[in-house]
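Peer 1: Take a look at the letters that make up each chain.
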Amino acid sequence: MNDFDEQLREILPRLRRFALSLTREQSSADDLVQATLERALTRLESKRPEGDLRAWLFAILYRRFVDQHRSARRYTRMLELFGRGREDDVQPSTERSVLAQHSLGAFERLSGEQRALLLAVSVEGLSYKEVAMMFDVPIGTVMSRLSRARQALRDLSEGEVTKPRLRILK
Amino acid sequence: MINLPPNDHDFNAWLDDRLPPTDRQRLDAWLGQNPDQARRLRAQLHDAQQLRAAMSGALTPPPNPVLDPTAIRQQLHQRRRQSLARAAGLAVAVALGSLGGWQLRGWQSVTPAPMGDALQAYRLFAQQGMLPADLQVADRGTLQGWLDRWFSAAQRLPDLRQAGFEPVAARLLSTEQGAAAMVVYQNADGQKVSFYIRPPGPNHKMLPPGSRQDGELQAAYWSGPGFNYAVVSPAGPMAQTVLNQLHSSF
Chain A
0 MNDFDEQLRE ILPRLRRFAL SLTREQSSAD DLVQATLERA LTRLESKRPE
50 GDLRAWLFAI LYRRFVDQHR SARRYTRMLE LFGRGREDDV QPSTERSVLA
100 QHSLGAFERL SGEQRALLLA VSVEGLSYKE VAMMFDVPIG TVMSRLSRAR
150 QALRDLSEGE VTKPRLRILK
Chain B
0 MINLPPNDHD FNAWLDDRLP PTDRQRLDAW LGQNPDQARR LRAQLHDAQQ
50 LRAAMSGALT PPPNPVLDPT AIRQQLHQRR RQSLARAAGL AVAVALGSLG
100 GWQLRGWQSV TPAPMGDALQ AYRLFAQQGM LPADLQVADR GTLQGWLDRW
150 FSAAQRLPDL RQAGFEPVAA RLLSTEQGAA AMVVYQNADG QKVSFYIRPP
200 GPNHKMLPPG SRQDGELQAA YWSGPGFNYA VVSPAGPMAQ TVLNQLHSSF
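Top to bottom, those sequences are chains A and B.
72 is the number that numbering that gives the first Met the number 0 gives to position 73 of the first sequence; each next residue is one higher, with no gaps.
130 is the number that numbering that gives the first Met the number 0 gives to position 131 of the second sequence; each next residue is one higher, with no gaps.
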């Protein structure tokens, strides 16, 4: 058990970084990590598949993020129905976003899925098979989405150099 | 061996340095002849390197003790204990319910008279106060709402206000025929009358309307939509007033 805790402790900084790249805001990132660890510790005996512990934790965290995002969007839509709130409300402001503060502006503007993909593959070096399991899609789909994410990052990076960032005026 | 022209997988594997050496050479040679694609891949390679560099140093948040696995284990443990305590509380309530039900069952088997369980429930609940109420209110609407949750198609609570009685408490009980409910009415003198309701049981034994005295208690009983009913009150002139009121209430 303590051995497992030790492994978790080792992965923790990476897990927090992954969460941060998704939520772009420290406190909700840590909430996400906490929920992930709780799930990992309660499901340990029964559900943990063979293989890389990090890939398994990333998968739990990503699914949780998607679920939260979905309900946040439902909530925003509900607020919109009552004439309050906008889609932007579920996104942290530029000032609060950790990514924007660290020359990751182009990366920040990718979709959550694209950020997760690029982080898992380019930064964490997870295998394509592990990433496919994480997103619950076939490897072929991972490949085409990865290509699109890379091209999107390229386009956004070029845009960042050549033209000022467009902002929606409220 | 990869096929040419390369596909998404080959480009990605080239960027992530996951191609076997021979495939890598083959793709490098192809890129030599396709400068646009080569430019594109080199730019994407640069993006990935930039991303790794930015991520490696900058995104290291200060330690958060809440996220330590030991702390999380403790928290989970505590939460489990709390829910266990809640579940135990619930189990006590259920056990009380079944104890009452079990006693009712015993009494019922020696009392073949109709709705004997209603009389015993009255003794247990209204007279001896042995069973705590599930619900205590001064508001008739709340009690009706509570009853509807369990017996939605049943008759409405009888209105006994003309006889001086207001519903004050309710309790669910388990009987051989299924879940039963008793609503206790009380008048200004603290006398109690009960309205008892339960399923007719597997044989769908419906009762012709009737009334009988059992010791110091008087019971009126009948069958209505889907259920058997009884109203129990102390025997005597008050019982008659209640019965008259009951008949005019339906």
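Honestly, the hints are just simulated from the structure, not real lab data.
Don't take each hint at face value.
[What the hints assert, rightly or not] SDA-like, lysine to any residue: derived pairs with alpha carbons at most 20 Å apart:
no., chain 1, residue 1, chain 2, residue 2
1, A, K128, B, V167
2, B, K191, B, Q244
3, B, K191, B, Q143
4, A, K128, B, H8
5, A, K128, B, R38
6, A, K128, B, Q244
7, A, K128, A, D4
8, A, K128, B, S222
9, A, K128, B, L171
10, A, K128, B, I1
11, A, K128, B, Q154
12, B, K191, B, P224
13, A, K128, B, D15
14, B, K204, B, Q143
15, A, K128, B, D9
16, B, K191, B, G223
17, A, K128, B, K191
[Said to hold, decoys possible] Across the chosen pairs, the derived CB separations fall in these ranges:
no., chain 1, residue 1, chain 2, residue 2, range
18, A, K128, B, R41, 37 to 43 Å
19, B, A52, A, Q6, 46 to 52 Å
20, A, V65, B, L75, 20 to 26 Å
21, A, R8, B, G140, 32 to 38 Å
22, A, D4, B, G140, 50 to 56 Å
23, B, L44, A, S126, 35 to 41 Å
24, A, S126, B, R39, 20 to 26 Å
25, B, R23, A, Q6, 29 to 35 Å
26, B, A42, A, S126, 23 to 29 Å
27, A, D4, B, G177, 47 to 53 Å
28, B, G140, A, V65, 39 to 45 Å
29, A, F3, B, R80, 29 to 35 Å
30, A, V65, B, L44, 37 to 43 Å
31, A, K128, B, H76, 47 to 53 Å
As the structure is a prediction and not an experimental result, all values here were calculated from the model.
Glycine included, each C-beta is placed from N, C-alpha and C at the ideal position.
Peer 1: All hints are to be evaluated individually against the structure, with a verdict given for each.
Peer 2: The hints, checked one at a time:
With a C-alpha separation of about 65 Å, the suggested pairing of K128/A with V167/B is violated against the 20 Å cut-off. Taking the CA atoms of K191/B and Q244/B, the gap is near 15 Å; set against the 20 Å cutoff, the hint holds. Our distance criterion of 20 Å between C-alpha atoms is met by K191/B and Q143/B, whose separation comes to about 18 Å. Taking the CA atoms of K128/A and H8/B, the gap is about 12 Å. The hint holds against a cut of 20 Å.
Among the hinted pairs, K128/A with R38/B is inconsistent with the structure: their alpha-carbon atoms are about 28 Å apart, more than 20 Å. For the hint pairing K128/A with Q244/B, the CA-to-CA distance comes to about 77 Å; that exceeds 20 Å, so the pair is violated. Proposed proximity of K128/A and D4/A is contradicted: the alpha carbons are some 26 Å apart, above 20 Å. Of the supplied pair hints, the one linking K128/A and S222/B is violated, its CA atoms being roughly 67 Å apart against a limit of 20 Å.
For the hint pairing K128/A with L171/B, the CA-to-CA distance comes to about 56 Å; that exceeds 20 Å, so the pair is violated. Between K128/A and I1/B, the direct Cα distance comes to roughly 18 Å. Compliance with the 20 Å bound is thereby established for this hinted pair. Taking the CA atoms of K128/A and Q154/B, the gap is about 63 Å. The hint is violated against a cut of 20 Å. Proximity of K191/B to P224/B is assessed by CA-CA distance (about 25 Å); at most 20 Å being required, the pair is judged violated.
Distance check on the hinted pair: K128/A and D15/B sit about 14 Å apart at the alpha-carbon level, within 20 Å; holds. For the suggested pair K204/B and Q143/B, the alpha carbons sit about 25 Å apart, so the restraint of at most 20 Å is broken. Distance restraint check for K128/A and D9/B: the Cα-Cα separation of roughly 15 Å lies within the 20 Å cut-off, and the hinted pair is therefore satisfied. With a C-alpha separation of about 23 Å, the suggested pair K191/B and G223/B falls outside the 20 Å cut-off, and the hint is violated.
Restraint check: the Cα-Cα separation between K128/A and K191/B comes to about 72 Å, which exceeds 20 Å; the hinted pair is violated. Range check, K128/A to R41/B: Cβ separation about 27 Å, and the 37 to 43 Å hint is violated. The hinted window of 46 to 52 Å between A52/B and Q6/A is violated, with their beta carbons roughly 27 Å apart. The supplied range of 20 to 26 Å is met by V65/A and L75/B, whose beta-carbon atoms lie about 23 Å from each other.
For the pair R8/A and G140/B, the supplied restraint of 32 to 38 Å is violated, since their beta-carbon distance comes to about 57 Å. For the pair D4/A and G140/B, the beta carbons lie near 54 Å from each other, so the given range of 50 to 56 Å is met. Between L44/B and S126/A the beta carbons are some 19 Å apart, a value that contradicts the proposed interval 35 to 41 Å. Separation of S126/A from R39/B is about 24 Å and conforms to the stated range, judged on CB atoms against 20 to 26 Å.
In this structure the hint that R23/B and Q6/A lie 29 to 35 Å apart at CB holds, the actual value being about 33 Å. Separated by about 25 Å at the C-beta atoms, A42/B and S126/A satisfy the suggested range of 23 to 29 Å. Between D4/A and G177/B the C-beta distance comes to about 50 Å, which sits within the given range of 47 to 53 Å. Between G140/B and V65/A the C-beta distance comes to about 44 Å, which sits within the given range of 39 to 45 Å.
Look at F3/A against R80/B: about 22 Å separates their beta carbons, and that is not inside 29 to 35 Å. For V65/A and L44/B, the Cβ-Cβ distance of about 29 Å falls outside the hinted range of 37 to 43 Å, so the restraint is violated. Between K128/A and H76/B the C-beta distance comes to about 35 Å, which lies outside the given range of 47 to 53 Å.
Figure legend: structure checked against the earlier numbered hints; hints not met, in rising order: 1, 5, 6, 7, 8, 9, 11, 12, 14, 16, 17, 18, 19, 21, 23, 29, 30 and 31.
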